[in-house]
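From first to last, the protein sequence lines stand for chains H and Z.
Read in this note's numbering, the first sequence has 296 at position 292, and its numbers run on one by one without any break.
Read in this note's numbering, the second sequence has -5 at position 7, and its numbers run on one by one without any break.
Be aware that one or more of the hints could be misleading.
Computed list of chain Z residues with no C-beta within reach of chain H, every gap over 12 Å [said to hold, decoys possible]: (1) Lys(-10); (2) Leu(-8); (3) Val(-6); (4) Ile(-5); (5) Gly(-4); (6) Ala0; (7) Ser3; (8) Lys20; (9) Pro28; (10) Met29; (11) Val31; (12) Lys38; (13) Pro46.
Estimated spans, in silico, between C-beta atoms of each pair [claimed, not checked]: (14) Z:Ile(-5) <-> H:Trp305: 35 to 45 Å; (15) Z:Arg40 <-> H:Asp276: 55 to 65 Å; (16) H:Arg66 <-> Z:Tyr24: 49 to 59 Å; (17) Z:Phe10 <-> H:Pro302: 52 to 62 Å; (18) Z:Val(-9) <-> H:Asp152: 52 to 62 Å; (19) Z:Tyr24 <-> H:Arg495: 42 to 52 Å; (20) H:Thr521 <-> Z:Asp44: 44 to 54 Å; (21) Z:Val(-9) <-> H:Lys151: 48 to 58 Å; (22) H:Thr529 <-> Z:Asp44: 37 to 47 Å; (23) Z:Asp44 <-> H:Tyr70: 43 to 53 Å; (24) Z:Phe15 <-> H:Glu356: 33 to 43 Å; (25) H:Asp152 <-> Z:Asp44: 14 to 24 Å; (26) H:Thr521 <-> Z:Pro46: 41 to 51 Å.
The set of hints was computed from the structure by calculation and includes no laboratory data.
All C-beta atoms, glycine included, are put in the ideal place defined by N, C-alpha and C.
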Amino acid sequence: MSRLTDTLKKLRSIDYKKAAKDFWNGKPHGERQLGKLYEDKTGLYKHREWRGVQDTFYYFNRIWLYNYAHMVMDIMRFGDPISFAKGLVRYRWMGQTYLTVMHWFDRGLEGLRGPALRASAWHYRAMTCETIRQFQRMFAADTKTKKDGRQNRLWHTTIAHDETVSGSIFYPWRDVLDDVPLQMIPYFVTCHVNNHTVLNYIDAIQSIGLPSDPCPMCQAEAGLCVMDDYPDYSPIIITSNEACDGSVATSIIQDWYLNRPLFAMPQPMRFDDPLVQKHCQEEIKQAWHFIEEHMGIPFSWEQYVKYAERQNELTRFEREKWDVAANTPYYPINGVAQALYRIYYSQDGDREIWHETDRKVRAIMERCVRDKIETFPNTRHRAIAWSCAPLYYSNWCTWAYNCWGINCVINMDSLMFDKILRTDTYEHAVEDLATYNEWAPMRAMAVGGYEHIFRLWEFMEKFHCDMVIMYDQLQCKGMQGIHGMFEDEFRARNIHAIWIPHALPDKRTVSRAEIRTIINDYMTTVMHEEPLDASLLEFDDSMSW
Amino acid sequence: MKVLKVIGKIAAILSAVYAVLFAVFYFDLDGKFFYYVFEPMMVKHFDQMKHRDIMDTPYAQDVK
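Based on the sequences and whatever the hints tell you, model everything.
Right, here's the structure in full:
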């Protein structure tokens, strides 16, 4: 009887008008309690967020259903379901990782509404499409999943290259050959989508004697060799030293494992010297000769111009996006979508999907500017993220906005490849490509010398930021060397900077919960602020993807 | 009349499918399936898989 009375009392106390309003529009930011949606440890949702009728059904129809359907279509479009199925059961990075992709969307897009939800989701869609294109090409050409291990036509027309060798290097052959980075899908993207997988590869390389202190990215990429988990999809490989000379060792292990013609095109640590520039130009020319010699197809200037011009279109739109992000509150792309999409396409090179996505995002962004739609209305701080991000928690900025109102408007990786490739003469083309290649991921503004690294102050001003999220990759010897100088500069310039320690792909060194605690502590003890959503302060997602 | 009945049936089936899919979406049943069923199964499969031992491959540099 008393239970019934309690229930009746509860029902009477409900504000039905507000409940109806919340149902229709979604709860306002301060009342959402997003942290209560998580299951303990796994990060799965008890139920997905109710964002109001319009945005919930947008998410369901145009993101969840649309992406599941398009994933199937992409698998058919870029290959065939049989080679996909073979790849799924042959490669751990495929079978364990990529089917969980919609949760990657969920984590990155939590709490978003309206145009911000739409524009950010298109970025995720593009990355998913290009990921499928790459692994389908690898599987279709792969000798390991063929019964007789034969080298088919696709094997003979695919170039493998290190993920930090830009796709733009291969434009002269884009119409007749395809280029697929070796590690981007087996390593880099897995860390974001499902970071359980990469730990196997880190452990594998350490099991044959590598100490645990080198960069875990290089460890994981070498570990893929130890686990025999790279597809065999190309007759040649073009490698680099990636961002640091520590990973030269990775190239040696890859050379040992792949055992095929290899051209090494290392990116210099200090590249401002004109003689170094000349040297890089020569290396690109040598790489082109290497491709001609081994693939038997001559260099095509027309193809280079065509694709470089298309890449320039992407760069010009990126600059327009930055202009909106820097000078207005109407930018509809959240921190994680901005960071991942930009580094993905600028490294991967021109592909049709980037143009399709940019057209859609342009329409959304122009509407936001025209109608003055504040896309992140609860912004308390405009932050810039500097140095290399934790791959297992690239969506920290979604959490930071929902919990504290920290809006990460731009990041270092986005700003690094700001180069229009000239196509008027061969000499200009090689010169610009050399520069572009020198500004490889994690290079120019991370380990490329303090004058590049300290461009942070210039970009803080340009993007009107009042806070720095300073990534501290604990196993990056390059950035560790400049830590003290940053501390001095932050103090001297009176800048709010939050250091986020991490070990790139390896969540075991610094957990996501520890990262959140560091930000929480700074926001309460230094900024003396109250959280926008207190349910997000502490939760256990240690077993989450 | 018969045509209308068929259309009605198709609409009812499509609506039911849509409702089921919405339930899968809303209660994160896809995530729970991949987390509790699919991933452990694949991990077991990959843990049992035999791999080529790269230590068996001689390292030879082809320096010109």
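Hint by hint, here is what the structure shows:
Lys(-10) (chain Z), annotated as away from the interface, keeps every beta carbon of chain H farther than 12 Å; the closest lies near 31 Å. Non-interface status of Leu(-8) (chain Z) relative to chain H is upheld: no Cβ of that chain comes within 12 Å, the nearest being about 27 Å off. Here Val(-6) (chain Z) stays apart from chain H, with its beta-carbon at least about 25 Å from theirs, past the 12 Å limit. Once the 12 Å rule is applied to beta carbons, Ile(-5) (chain Z) is consistent with being away from chain H; the minimum gap is 22 Å.
Chain H leaves Gly(-4) (chain Z) outside its interface by the beta-carbon criterion, the shortest separation being 23 Å against a cut-off of 12 Å. Taking the minimum C-beta to C-beta distance to chain H, about 19 Å, the non-interface status of Ala0 (chain Z) holds against the 12 Å cut. Listed as outside the interface, Ser3 (chain Z) is consistent with that label: its C-beta sits roughly 14 Å from the nearest C-beta of chain H, beyond the 12 Å cut-off. Here Lys20 (chain Z) does not stay apart from chain H, with its beta-carbon only about 6 Å from theirs, under the 12 Å limit.
Interface exclusion of Pro28 (chain Z) from chain H breaks down, the closest Cβ pair being 10 Å apart, not more than 12 Å. Listed as a non-interface residue, Met29 (chain Z) fails to keep its Cβ farther than 12 Å from every Cβ of chain H; the least gap is roughly 9 Å. Not every CB of chain H lies more than 12 Å from the CB of Val31 (chain Z), the least distance being 6 Å, so the non-interface label is violated. With 12 Å as the threshold on Cβ separation, the claim that Lys38 (chain Z) sits away from chain H is violated: the shortest Cβ distance comes to roughly 9 Å.
The beta carbon of Pro46 (chain Z) sits about 9 Å from the closest Cβ of chain H, which is not more than 12 Å, so the claim that it is off the interface is violated. With their beta carbons about 59 Å apart, Ile(-5) (chain Z) and Trp305 (chain H) fall outside the hinted range of 35 to 45 Å. As the Cβ distance of Arg40 (chain Z) to Asp276 (chain H) is approximately 44 Å, the hint placing it in 55 to 65 Å is violated. Range check, Arg66 (chain H) to Tyr24 (chain Z): Cβ separation about 28 Å, and the 49 to 59 Å hint is violated.
At about 55 Å, the beta-carbon gap between Phe10 (chain Z) and Pro302 (chain H) stays in the expected band of 52 to 62 Å. Between Val(-9) (chain Z) and Asp152 (chain H) the beta carbons are some 54 Å apart, a value that agrees with the proposed interval 52 to 62 Å. At about 49 Å, the beta-carbon gap between Tyr24 (chain Z) and Arg495 (chain H) stays in the expected band of 42 to 52 Å. The hinted window of 44 to 54 Å between Thr521 (chain H) and Asp44 (chain Z) holds, with their beta carbons roughly 46 Å apart.
Separated by about 51 Å at the C-beta atoms, Val(-9) (chain Z) and Lys151 (chain H) satisfy the suggested range of 48 to 58 Å. Checking the proposed 37 to 47 Å range against Thr529 (chain H) and Asp44 (chain Z) shows it is violated: the Cβ atoms sit about 56 Å from each other. Under the hint 43 to 53 Å, the C-beta atoms of Asp44 (chain Z) and Tyr70 (chain H), about 47 Å apart, fit the expected range. In this structure the hint that Phe15 (chain Z) and Glu356 (chain H) lie 33 to 43 Å apart at CB holds, the actual value being about 36 Å.
One distance hint, 14 to 24 Å for the beta-carbon pair Asp152 (chain H) and Asp44 (chain Z), holds here, with the actual separation near 22 Å. The hinted window of 41 to 51 Å between Thr521 (chain H) and Pro46 (chain Z) holds, with their beta carbons roughly 49 Å apart.
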